[in-house]
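There are 2 protein chains.
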Amino acid sequence: MPLSNEYRSIIDSAVGAISSRQFFAQYPEHPKAYGEEAPGKALEAFNALQGEKYTALAQDGAEGWIGEETSPYTGKALGITYPTFSTETLVNRANNAFKTWKNVSVDDRAEVLVASLEAIKHHFHLIAQATQHTTGQAYMMSFQASGPHSNDRALEALALGYQELTRFPGSLIWEKPMGPASVVLHKQFKPVPKGVGLVIGCSTFPVWNSVPGLYASLITGNPVIVKPHPKSVLPIAVVVAEIRKVLTAAGYDPNVVQLAVDGSSKLITKELAEHADVKVIDYTGSSSFGNYIEALPNKVVFTEKAGVNSVIIDSAHDLKPVLQNLSFAVSLYSGQMCTAPQNIFIPATGVKTAEGVVSYEEVVNAFKDAVAGLTGHPKAGPGTLGAIQSDATYNRAKNSGSLGGKVLLAGVDVANAEYPEARVYAPSIIEVDAKDASVYEKELFGPIVLIIKTRDTNQSVELAKRMAKEHGAITCAAYTTDADIAAHIFEEMESVFTPVSLNLTGNIWVNQHAAFSDFHVTGGNPAGNASFTNPEYVNKRFVWVGHRSVQ
Amino acid sequence: MPLSNEYRSIIDSAVGAISSRQFFAQYPEHPKAYGEEAPGKALEAFNALQGEKYTALAQDGAEGWIGEETSPYTGKALGITYPTFSTETLVNRANNAFKTWKNVSVDDRAEVLVASLEAIKHHFHLIAQATQHTTGQAYMMSFQASGPHSNDRALEALALGYQELTRFPGSLIWEKPMGPASVVLHKQFKPVPKGVGLVIGCSTFPVWNSVPGLYASLITGNPVIVKPHPKSVLPIAVVVAEIRKVLTAAGYDPNVVQLAVDGSSKLITKELAEHADVKVIDYTGSSSFGNYIEALPNKVVFTEKAGVNSVIIDSAHDLKPVLQNLSFAVSLYSGQMCTAPQNIFIPATGVKTAEGVVSYEEVVNAFKDAVAGLTGHPKAGPGTLGAIQSDATYNRAKNSGSLGGKVLLAGVDVANAEYPEARVYAPSIIEVDAKDASVYEKELFGPIVLIIKTRDTNQSVELAKRMAKEHGAITCAAYTTDADIAAHIFEEMESVFTPVSLNLTGNIWVNQHAAFSDFHVTGGNPAGNASFTNPEYVNKRFVWVGHRSVQ
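Top line first, the protein sequences correspond to chains Y and B.
Each step along the first sequence adds one to the number in our numbering, with nothing skipped, and position 277 is 277.
Each step along the second sequence adds one to the number in our numbering, with nothing skipped, and position 219 is 219.
In isolation and in its complexed conformation, chain Y is listed as follows (with noise of 0.2 Å):
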């Protein structure tokens, strides 16, 4: 069947996009495009799961139920179980569900799928709840991280599959002229895809960091066995329900898509990933975990793993506006992002702006007053927080003194006035010399942010390399009226596969990634070895066979 015209025209456009670079977005991320009662409703929703089998998943025959979610908002256990499975009976079902997908055609996987995000937006809302309530998001962006941003994000990789599937014709005629006669073939191309998938999520973005992977993974013919970690599971079971939905709505089988939930305290992700059946490795998360996935031999895998993002401050017109987009940008989730900004590279020198140098001293102060302000803010500052998600996380900050540097801000408890139990820790400012790289070397996940005093601005840039090169890193935040010197920060940092975003103030962060237009991870350094989305990461997933015969 082809596509429907009204689905077709869904990601005609997203292709476009993709192509041009250009703004675009399908879902929008404001949370009344969806209706004045959606809120309401979900949390209704939301509060009748709480101590609930989850049921909505229908996968049959159960071998026992799981769950140990805890809101960092309420300090509870949501009491949620999910259904557990082995691994032998969970790709037993992937690979009689791949029997069947893999032959589906181009055309009908991407109707159903289309079929699937437009069923998802209508429980943005309750998806907002429940990563609010795993991550520590802030309602907002728990809205739109894990609905509308996530929902374009799988669009994105699916339009792309869609767009490199369907890149070469499925059957034509071939002659090749010799002479008096000719031979003739008749050739076909088939994308064969690669075999059963498996997405591992965070604790973090459980949604927006596994649905690329998914959708990759399900356009080229791939069935999916989602692993999520297992504090952060109703955001992404939310969502696979869905899918499973809208598939045996359609008449597929919906163990296309399988949720493979497991305990903390038995874990069965590499029993997961080192099955010789699965062949495509999503991952989202530490690094030496993600090492472990890059390493397993015979497997096609994408992954994100930590870096250490860097901020290069040279000159600025003005600098108060820098030091409040980037006092947002550390604190926003409490540093919690992939994205986040962690080590700041501030000159002895001071910084030039229009009203001439301003003393180093007077730089950090500010950017410290800057933070202190924003965190300290009765509604901006919890709202901006978040909670911290994990014990880990929250222990690193509250421990950050004894990191080796100078404590400029020490981190500091937060009342959430609506949550009283809230875990909500602003961020601690620590600063240390250039010298002591064993400090500013590794992420420091959470909220810690790390002033470097370097010697001057090639310094600041040499040591941004050198962390990107060696420990990854996924941005880049730099500010400078010197057009040479930002030729040459975009010139060392694209040497390290970093990206730029070049003089950020305003409604602009350098934490955001815009679905269809920015890539989020290049896959060039230790960072990650993939990028949503680029053809790479639909490519891989598939092979081509050209099939030749005589007719």
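If you are wondering where the hints come from, they were derived from the structure by calculation, not from laboratory data.
Since we're looking at a predicted model, the values are computed, not measured.
Copies of the same chain look alike in the list, so a pair counts if it fits in one copy or across any two.
Here are the simulated DSSO-like pairs of lysine-lysine, each with C-alpha atoms no more than 30 Å apart in a straight line:
id, residue 1, residue 2
1, Lys99, Lys469
2, Lys176, Lys320
3, Lys194, Lys442
4, Lys469, Lys299
5, Lys266, Lys231
6, Lys53, Lys245
7, Lys32, Lys176
8, Lys352, Lys435
9, Lys121, Lys176
10, Lys299, Lys194
11, Lys469, Lys270
12, Lys469, Lys398
13, Lys270, Lys299
14, Lys176, Lys379
15, Lys320, Lys368
16, Lys231, Lys245
17, Lys442, Lys299
18, Lys99, Lys435
With chain Y held as given, fit chain B onto it using these hints.
Quick look at chain B alone, frame taken from chain Y:
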């Protein structure tokens, strides 16, 4: 600078052919297309090179001179020596060339690379002499494989690279509507090359297997070190010398491409491959070394290794043209093609034809007679067989009687009237039972053909599939008049990422893969991880990096 109209038109035509997979050849395959006098002049040039230092590379500061090529046609050493360099010298020069080459615009790179192909075409006859007297290919195959077919494959990689590199806009203004205001960013998208490339050549197809990776790396901005097989240097040396001349004439650093010659007793391949600055490796050769190359950490690697190619004979309207076609396919260049069929699966119950079932014995006898007839023909025999490149291949063929099967046709030395000392050997045909997988589950490179007697076609398909999955396959030929069986063969073989050539008779053989249309190797089974030329083949050589600026 934009591309010249002449060269833009060549790239546009190539991109058009790649996208449509229709017949296209920029470089005519007939030797006469290159002038009446060309063969004679080439022979003179080839004779003049023998016994001398090969200085055309103009690689300064040789640390030694080495050469060990011997003609399989005369048994004599060519006596040509090539300059040698330490790995450090080669990599330092490549790094230095990288500094400028990476910043050359895609159009400018394309211009000089197309110019190099246009320059190389004037040397096709010399390259053919060099290929014949190192690989043992007959002259016509030497000419076509190392000349026009190689240039076309190089152009294919270059053109697809050009298409991918220009796929996204280099710069744009991105505007996100945000209520009354909007966010405006200037974005730049850069395809950043990975780093120094290494192309490791083989002794049988020194040009054809090397130039796709060479041109794919060059167009994507990576400098390349070409490491040929010590026994087959001259053909690719002529190519590298021409590229260096064209680069120099255009004002570029000729060390964008270097030749790295070594000797059998002191190979430098591992030293080069393991060098930290070598980021991209293209390899053709044995599976054991290929597996080592694939396992090197932090490299992007493209391999073509060994495989076991199958023929499945189920049924045919007329057996005679089938067996004629197959006898040529197994004899061509004495089975020293990676695409040559090795295992011929024939059901014990015989083969259905329009004139009734032909018994297994009759089929085998007719095939044996067809091979003996072709290879014993005084002119067609040596012209088809060429000569045996290596001692190892010759000895394997001579000892094929001890492989474990029943010798149906013994291999035999064949006389070549033009070259009395030529090492020419006709294929031996060995019969094995389906249960004796240990005999037929490995590549027996060279003139050895196995007939495997199966229970029925289902078993033939099952075994061909297993061979491809476990040991790799580049091609599979099948003969059937039954549409259901054909569909079954397609589905089974494509599940192990092996292309099927169905019912080939007449002037088209399973060994042949046409540039711009047929993918050579799929990259999906152990025969290799890469494909000439799918999008991955170029995309993995560079990284998309997107910068953003507030203006």
